[in-house]
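> In case you want the letters, here they are:
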Amino acid sequence: MQNEKKSKGFTISRRNFLKGTAAVGAAGLIGISANNSLKWLQPAQAKPEVKENIVRSICSPNCWQTCNHLVTVRAGKVVKSAPAPMPEQDYNRICLRGLTHLQRLHHPERIKYPMKRAGERGEGKWEKISWEEAFSTIAEKFSQLQEKYGKQSIAVVGQSGNYGVLNGGYGGQYRFSGVLEAVHASGSVDSSIPAGFAPTIGTGIFDAFSNESSDWVNARTIILWGSSCAESQINEWHFIQEAKEKGARLIVIDPIFTATAQKADIWVNLRPASDTAFALGLLREIMVQGLVDKDFVLHRTCAPFLVRSDNKQFARAGKKPLVWDSFSQSAKAHDSLGISPALEGTYQVDGVVCTTAYSLLWEKVKDYTPDKVAELTEVPASMVVEVAHLLAANKPGGIKYGFGADRYHHANLLGQSMATLLALTGNIGKSGNIVGMSFYGFDPMVYNTSWLFPAGTFPAVLPLIQLQETIIKQDPYPVKAIYITCSNLLVQTTDRNKWLKEVWPKLEFVVAVDQFMNNTMDYADIVLPAAHYYETEEPVLAGDIPYVLYRHRAVEPLLEAKPDWEIYQGIAGKMGLGKYFPEGLQASKEWFDMPILKQQGITFDKIRQEQAVRFLPKPYIPWQDGKFKTESGKVEFYLEKMAPQGEELPTFKWPLEAGPDSKLAEKYPFVLLTRHEKFRIHSQYENQPWLRELNPEPVADLNPKDAVANGIADGDMVEVYNDRGHVVLKCRYNESIRPGVVHIQQGWWRYPAGHHQELTHSQYKDGIFNYSFFDVRVGLRKFTGGELS
Amino acid sequence: MTKKYCMVIDLKRCIGCHTCEIACKLENDVPMGMYWNRILTEGGKYMDTPKGEYPNVQRGYLPLACQHCENAPCVKVCPVAATYKSEDGRVLIDYERCIGCRYCMAACPYSVRVFNWQEPVRIPDFDYGSADTPKRRRGVVEKCSFCEQRVNKGEQPFCVEVCPARARHFGDLNDSTSEVAQLVRTRKGEQLLENKGTKPQVYYVR
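From first to last, the protein sequence lines stand for chains W and C.
Quick note on numbering: this note's numbering labels position 699 of the first sequence as 699, and the sequence is numbered without any gaps.
Quick note on numbering: this note's numbering labels position 193 of the second sequence as 193, and the sequence is numbered without any gaps.
Just so you know, these hints were derived from the structure itself, not from any lab.
All of these numbers come straight from a predicted model, not from anything done at the bench.
Just so you know, even glycine gets a beta-carbon here, dropped at the ideal spot from N, CA and C.
Just to be clear, a hint being listed does not mean it is correct.
A few chain W residues that don't get close to chain C, going by computed Cβ distances all over 12 Å [claimed, not checked]: (1) 351; (2) 722; (3) 762; (4) 782.
No more than 25 Å apart at the CA atoms, straight line, and that leaves these computed lysine-lysine pairs for DSS-like [said to hold, decoys possible]: (5) 153/C <-> 77/W; (6) 501/W <-> 473/W; (7) 364/W <-> 294/W; (8) 506/W <-> 151/W; (9) 51/C <-> 705/W; (10) 45/C <-> 782/W; (11) 51/W <-> 135/C; (12) 45/C <-> 705/W; (13) 319/W <-> 641/W.
Using the sequences and the hints, build the whole thing.
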């Protein structure tokens with residue numbers, strides 16, 4: 001059509017014109033400049049052929065959807081991203097953020113070259129240096145510090161900015177810190193729910209323990225718990241929608257009315273941090289109403305295991321936990337043939353009083369009646385009953401957790417409760433089940449240990465949340481220098497003032513690698529420009545799709561940017577360790593050399609050719625054989641190891657600050673929730689122009705009732721504060737927000753004053769290295785001016 | 001029978017994620033500050049806010065672009081026949097003919113046309129999207145063309161291809177076996193502002 005309409009005149013009717021010009025050639029035309037008003041009367045010109053190159057690449061931030069993209073390159077520039085066809089169409093995907101990559105790659109504010117600090121830290125004065133100088137300076141400083149203070153005076157700090165194996169947070173970074181024998185400060189900052197959930201089935205906290213998302217369409221009841229999947233993991237959403245269209249009931253548990261809650265059949269709008277109370281209410285209701293899947297519970301879980309009253313451990317014969325055999329009226333190993341284990345009861349075993357795990361669970365939950373739960377959670381008692389019945393009776397079903405409910409002290413107990421709910425209802429191991437979350441990236445692909453640690457030396461692994469105290473106290477490691485990559489540390493971790501006032505002064509040297517001058521780069525001594533996803537070639541960890549992935553390079557790195565791997569090569573080379581950083585293609589090839597992939601015929605050549613190769617059975621439904629990875633092979637919702645803390649069974653405790661019992665509740669009446677919305681993935685995409693058009697500035701969302709009570713008008717500037725710090729931003733009235741909650745979208749780099757991460761704290765639970773980002777109380781006042789600092 | 005291109009948007013599926021909106025900007029080289037496709041929040045005053053009082057709240061999303069009306073007011077008022085109705089049902093613009101009078105914008109009851117008041121501002125500052133996307137300049141009106149450059153080649157509009165919720169469908173309404181025809185029939189497709197008599201060829205199902 002485009003070619004037909006160029007030369008038409010006013011006097012010819014449209015219909016006649018179209019008929020009369022149907023024979024014009026089919027080539028597309030480009031518009032003709034209108035400087036000359038007569039030009040449009042000229043005959044059409046054929047458009048010159050445009051040379052384009054379409055490359056298959058991968059977007060790999062930490063939404064863990066790892067969308068495969070088709071990237072169009074024209075005249076050396078990325079002009080388009082589109083979803084790349086996957087072997088299974090269901091997994092064809094892209095989202096609003098992934099579509100903006102051309103803006104990120106060709107962003108006018110990209111760091112152009114390596115720079116060193118020219119003024120004071122944070123002053124914003126920089127001087128251009130060459131890569132050669134950068135490598136020499138870093139290598140020299142690292143060597144000096146290591147000589148003076150020991151190898152562990154260097155900390156490599158990495159988060160989840162990239163799932164690439166060479167350039168991301170999980171491969172090259174480990175190798176670099178291992179070769180340097182440095183401290184590697186990393187690990188998930190959202191690990192509390194998984195820490196309670198995964199041990200019940202005996203897996204690692206980010207292993208392949210759930211059905212793949214394409215199987216979720218077979219569910220009849222889906223609980224999304226603290227997950228606004230329709231915003232933060234947009235590409236998993238359609239599976240849930242398809243399940244709904246087949247008749248599934250959707251329950252969304254979230255204090256905020258999210259885009260996901262909007263689609264729910266039941267929205268459980270509970271009080272922040274009361275999630276475990278709700279879970280205990282569900283457990284009680286399921287037990288009291290006889291909705292337990294007895295066969296599964298007796299044979300596939302630890303329910304009949306006898307627990308000793310003296311030490312709260314399982315009674316055992318050798319290594320095997322004992323059950324009470326109703327036939328012989330004696331204790332027998334749980335896997336003995338021809339026994340009938342008792343589910344409930346207290347028995348004497350070798351003079352020790354023992355009770356079944358199931359009976360002990362009942363003791364824990366029996367007081368959580370719907371009415372009591374309603375009081376704790378502030379949702380109607382009928383909701384507890386209804387949700388329990390759906391999960392237990394409208395099967396198959398599952399619970400997908402997000403990390404909304406994870407960011408509180410004690411969230412491990414919620415994870416344990418969720419696993420117990422799935423076990424009691426016998427949902428695990430069946431089609432249509434969701435076991436927590438689907439995530440396949442780290443099991444087993446990241447564990448090519450000989451690749452990760454080629455020198456036979458290892459990093460000292462430090463959970464990221466311990467880095468602040470480690471540097472302040474210089475204990476257990478004398479960290480004097482940090483190397484930050486794949487991380488906007490000062491936006492994505494807590495207690496920003498502590499970083500700046502207590503940690504930074506202890507650091508002699510800070511190197512930071514990124515594409516943009518974000519908050520973290522502001523405080524570096526040397527900044528290095530990193531290459532964008534599309535500018536690198538490497539294997540990529542899969543995240544939530546059961547595929548091994550490979551990313552091709554669409555364009556050479558722009559300006560002076562370098563892929564992280566080449567930066568490691570440069571620094572290690574100057575330190576005499578260059579042999580551990582071979583050329584990238586070779587390094588990728590070596591990474592694929594591991595049994596788990598070889599067994600499936602997944603070779604480097606195959607993956608480089610096909611770019612997405614399935615490595616799990618189809619459909620992937622784990623636990624179908626009813627064998628779990630725990631010591632007993634059964635779901636152990638009774639966690640013996642947690643007995644000393646009194647957390648062997650699901651238990652409800654209010655967290656540090658967010659609960660109504662907090663000492664801070666009076667002084668700081670609001671709970672601060674900083675959730676993930678659709679415009680960013682953590683702090684990535686923050687400066688994408690198209691996204692900023694839609695979501696131009698940070699706002700504090702407030703329920704209008706709260707705002708009015710505090711004399712704050714819609715659009716007023718407000719100060720959100722507590723003892724740790726403050727942030728100043730605009731208030732937005734929003735009825736999605738639960739009264740008593742201040743909501744700020746997380747990931748914003750800058751505010752008119754302060755930062756939301758000034759408000760958060762770095763306290764964590766023993767053995768669970770989780771940031772409690774939401775376990776924060778704040779006050780609120782209208783900002784009436786004064787100096788913004 | 002001639003084709004009658006039609007889009008069906010499933011509001012039950014739409015999650016207001018804006019992927020279609022960004023996709024449209026990308027594919028069609030739409031400048032900064034302009035939209036051919038917008039996602040309206042049916043609810044409160046601001047994007048993503050609901051109506052009602054917590055927790056009795058309601059919210060919906062309405063993706064809104066050119067409705068490709070059968071009885072298109074924009075075509076009728078265009079003094080230079082720059083906006084025209086193609087035989088396959090699309091309302092298209094000949095950007096070379098457009099004189100920027102903006103009568104069409106005034107006539108459009110859906111407010112989906114946008115005007116280039118200035119030289120287009122692009123970040124990054126070059127033409128992106130498909131190479132054969134029609135070029136526009138300062139002083140012309142532009143709008144959704146059902147991705148004419150793609151549909152002419154037998155492809156789907158880009159917003160349909162990328163929709164993460166699989167909420168958008170495109171096809172020939174005159175073909176009774178097509179997905180769009182079936183959706184309109186079985187799920188009672190609704191048109192926006194039906195009372196205006198413009199007969200949109202974008203249908204919404206809920």
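> Checking each numbered hint in turn, tell me which of them this model violates, lowest number first.
Of the numbered hints, all hold.
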